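Undergrad: Based on these hints, arrange chain B on the given structure of chain A.
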Amino acid sequence: MASTQTLEKIYELIAPLNKRSVELGPQTTFASDLQLDSLTVMDLVAEIEDEFDIVLPLNMLPDLETIEHVADAVEKIVNEG
Amino acid sequence: MDLLDKFDSMVALRASLPFEKADPFTVVMDEILSETEAMIDGRRTILAGTNNYMGMTFNEEAMAAAKDAIDRFGTGTTGSRSLNGTYADHKLLEATIADFYGMEHCMVFSTGYQANLGMISALGGKDDYVIIDADSHASIYDGCSMGNATIVRFKHNNVEQMERRLKRLPEDAGKLVVVEGIYSMLGDAAPLKELLEVAKKYGCMTLVDEAHSMGFCGENGRGVAEALGVEHLVDFYVGTFSKSVGTVGGFAVSNHPKFDVLRFISRPYIFTASPPPSIVASAIKAIEAIKRSGNRRAHLWENARRLHAGLKKAGFDLATPEAQSPIIAVYMPDIMLGTHFWENLLMEGVYTNMAAPPATPAGMFLMRVSINALHTPEQIDEIIKRFVITANKVGLELKPEA
Numbered sequence: 001m002a003s004t005q006t007l008e009k010i011y012e013l014i015a016p017l018n019k020r021s022v023e024l025g026p027q028t029t030f031a032s033d034l035q036l037d038s039l040t041v042m043d044l045v046a047e048i049e050d051e052f053d054i055v056l057p058l059n060m061l062p063d064l065e066t067i068e069h070v071a072d073a074v075e076k077i078v079n080e081g
Numbered sequence: 001m002d003l004l005d006k007f008d009s010m011v012a013l014r015a016s017l018p019f020e021k022a023d024p025f026t027v028v029m030d031e032i033l034s035e036t037e038a039m040i041d042g043r044r045t046i047l048a049g050t051n052n053y054m055g056m057t058f059n060e061e062a063m064a065a066a067k068d069a070i071d072r073f074g075t076g077t078t079g080s081r082s083l084n085g086t087y088a089d090h091k092l093l094e095a096t097i098a099d100f101y102g103m104e105h106c107m108v109f110s111t112g113y114q115a116n117l118g119m120i121s122a123l124g125g126k127d128d129y130v131i132i133d134a135d136s137h138a139s140i141y142d143g144c145s146m147g148n149a150t151i152v153r154f155k156h157n158n159v160e161q162m163e164r165r166l167k168r169l170p171e172d173a174g175k176l177v178v179v180e181g182i183y184s185m186l187g188d189a190a191p192l193k194e195l196l197e198v199a200k201k202y203g204c205m206t207l208v209d210e211a212h213s214m215g216f217c218g219e220n221g222r223g224v225a226e227a228l229g230v231e232h233l234v235d236f237y238v239g240t241f242s243k244s245v246g247t248v249g250g251f252a253v254s255n256h257p258k259f260d261v262l263r264f265i266s267r268p269y270i271f272t273a274s275p276p277p278s279i280v281a282s283a284i285k286a287i288e289a290i291k292r293s294g295n296r297r298a299h300l301w302e303n304a305r306r307l308h309a310g311l312k313k314a315g316f317d318l319a320t321p322e323a324q325s326p327i328i329a330v331y332m333p334d335i336m337l338g339t340h341f342w343e344n345l346l347m348e349g350v351y352t353n354m355a356a357p358p359a360t361p362a363g364m365f366l367m368r369v370s371i372n373a374l375h376t377p378e379q380i381d382e383i384i385k386r387f388v389i390t391a392n393k394v395g396l397e398l399k400p401e402a
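So the protein sequences, as listed, match chains A and B. Just so we're aligned: the first sequence equals residues 1 to 81 in my numbering. Just so we're aligned: the second sequence equals residues 1 to 402 in my numbering.
The shape of chain A in the complex, shown without the other chains (with noise of 0.2 Å):
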């Protein structure tokens, strides 16, 4: 389970491409709730990926729907490092 920092951080970088005002929690998907598309999701992955200074590959990200698997996953790749 990701810490709140990390959630927090994530809202942050969200909030921009929040153009529908979805209230932001863990179990919030990208794709049903937020409606971001592929070209929106790309920077967004950029962004989380310079905000933790890590590397999210490609192969990953079909399983992250929800803000709660990113950052979990960002946690992981965090220790991992």
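No lab work stands behind these hints, which were simulated from the structure alone. This structure is a prediction, so every number in the text was calculated from the model and none was measured. Keep in mind that the hints are not guaranteed to be accurate.
[Said to hold, decoys possible] Dumping the calculated BS3-like pairs for lysine-lysine here, alpha-carbon to alpha-carbon at most 27 Å:
| hint | chain 1 | residue 1 | chain 2 | residue 2 |
| --- | --- | --- | --- | --- |
| 1 | A | K9 | B | K155 |
| 2 | A | K19 | B | K155 |
| 3 | A | K76 | B | K126 |
| 4 | B | K193 | B | K155 |
| 5 | B | K399 | B | K312 |
[Unchecked claim] Which residues of chain B face chain A? A few of them, derived with a C-beta cut under 7 Å, are:
| hint | residue |
| --- | --- |
| 6 | M29 |
| 7 | L33 |
| 8 | R153 |
| 9 | R165 |
| 10 | R168 |
| 11 | T360 |
| 12 | A362 |
[As the list claims (entries may be wrong)] So these bits of chain B aren't anywhere near chain A, every CB distance computed over 12 Å:
| hint | residue |
| --- | --- |
| 13 | T36 |
| 14 | N51 |
| 15 | S242 |
| 16 | K258 |
| 17 | F259 |
| 18 | H299 |
Ideal placement from N, C-alpha and C gives every residue a C-beta, glycine not left out.
TA: Showing chain B alone in chain A's frame:
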């Protein structure tokens, strides 16, 4: 459970497009009149979307060689390169391409798609990293999916973003950077010098796909890396016969001393039949012709610049600030206007490619025009004229320069 139900949204999208008399996905070329004209549904049509950049599809030597090869070797090899599918001409074709690139080794694949699939999936092993441009061709993405490497993606042509990602990868890991010389949808060139220099700084091997630049970029037509003088930074080139070479097939070339081992590793090379003798024979002749086609190259660039300047002056919204290739892409504001435009332009007698997601980056809709070295200046002017007529007809707003 009907397995095709999951495509219902695609069916609905297709049904919602306002085509009346023609549909870009079901166009039939009834007769090919020349490299630049065809009969489509009874109309004489200028072909401005065929990728036939060097106009080699009716090259006399290539056609004669293809016919002769059928007489001597039959219609097909019925076998893999690894079994009964290697004829003398397959070896000669590989030698011809290696010579064209000034490199030691070449492998010929049955299509360009398979060349990328076969190279990237074989090179990118379990503990390796493959670093790709976000706008890469589907064959590069599919090569990544087929292999076992970790895939890292950077923003299109963004050297700085690529470097930031390379910095984060383990220093001693195997790394392959894959980029293209010209990107096929927008026709924009890559900053190969910077990209390849950074790749080398971080110890990566490099693969450059010159599918849409072979034939006319660089003094000898090897592609963008030659034009920019950075061929020494390229470990592997991938290319195709289905554009400038005027037939079908793909290849990879390299100076790597162990290159030939890939013939035993690369599944898209092994588990498919080799290209038929007629295709191999015509590819040899076309590549030889491309080598001595300096004038044709020059004329192609004149055509590209003429088309770009004409469309720009008329007020179309173009994807590149100048002609960076013979691909000139025109932005359409939305899918409805785009489909109307495409259809009406076809009725005016100009065939272009309607390009839509997922083939295009960033959800763009494009009229993608690609021209070739055998278009006359008059044909280029006709294309421009009919673009303007069509824009007026469908209500596409033009913004001519003041």
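Undergrad: Does each hint fit the structure? Answer for all of them.
TA: Results for each hint:
Between K9 (chain A) and K155 (chain B) the alpha-carbon distance is near 22 Å, which keeps this suggested pair within the 27 Å criterion. Pair hint K19 (chain A) plus K155 (chain B) holds up; C-alpha atoms about 22 Å apart against a cutoff of 27 Å. Taken as a hint, the K76 (chain A) and K126 (chain B) pair is honoured in the structure, with Cα atoms around 19 Å apart against an allowance of 27 Å. A distance of roughly 17 Å separates the Cα atoms of K193 (chain B) and K155 (chain B); the hinted pair therefore holds under the 27 Å criterion.
A C-alpha spacing of about 9 Å is found between K399 (chain B) and K312 (chain B), which places the hinted pair at or below 27 Å, so the restraint holds. Checking M29 (chain B) against chain A by beta carbon gives a least distance of about 32 Å; that is not within 7 Å, so the hint is violated. Interface hint status for L33 (chain B): violated, as the beta-carbon distance to the closest one in chain A is roughly 40 Å, over 7 Å. The restraint placing R153 (chain B) at the interface with chain A holds, with a minimum CB-CB distance near 5 Å, inside the 7 Å limit.
A hinted interface residue such as R165 (chain B) counts as satisfied when its beta carbon comes closer than 7 Å to some beta carbon of chain A; here the least separation is about 6 Å, so the hint holds. With a cut of 7 Å, the hint placing R168 (chain B) at the interface with chain A holds, because the nearest CB-to-CB distance is about 5 Å. Hint on T360 (chain B) is violated. Least Cβ distance to chain A is approximately 11 Å, over the 7 Å limit. Hint status for A362 (chain B) relative to chain A: holds, with the closest Cβ pair at about 5 Å, below 7 Å.
Every CB of chain A is more than 12 Å from the CB of T36 (chain B) (nearest about 35 Å), matching its label as outside the interface. No Cβ of chain A comes within 12 Å of the Cβ of N51 (chain B); the nearest lies about 25 Å off, and the non-interface call holds. Distance check for S242 (chain B) against chain A: the nearest CB is about 27 Å away, which clears 12 Å, and the non-interface claim stands. Look at K258 (chain B): its CB is around 26 Å from the nearest CB on chain A, clear of 12 Å, so calling it non-interface holds up.
Against the 12 Å criterion, F259 (chain B) stays outside the reach of chain A, whose nearest CB is about 27 Å from its own CB. No beta-carbon of chain A is positioned within 12 Å of the beta-carbon of H299 (chain B); the least distance is around 37 Å.
Violated hints for the displayed structure, listed by number in ascending order: 6, 7, 11.
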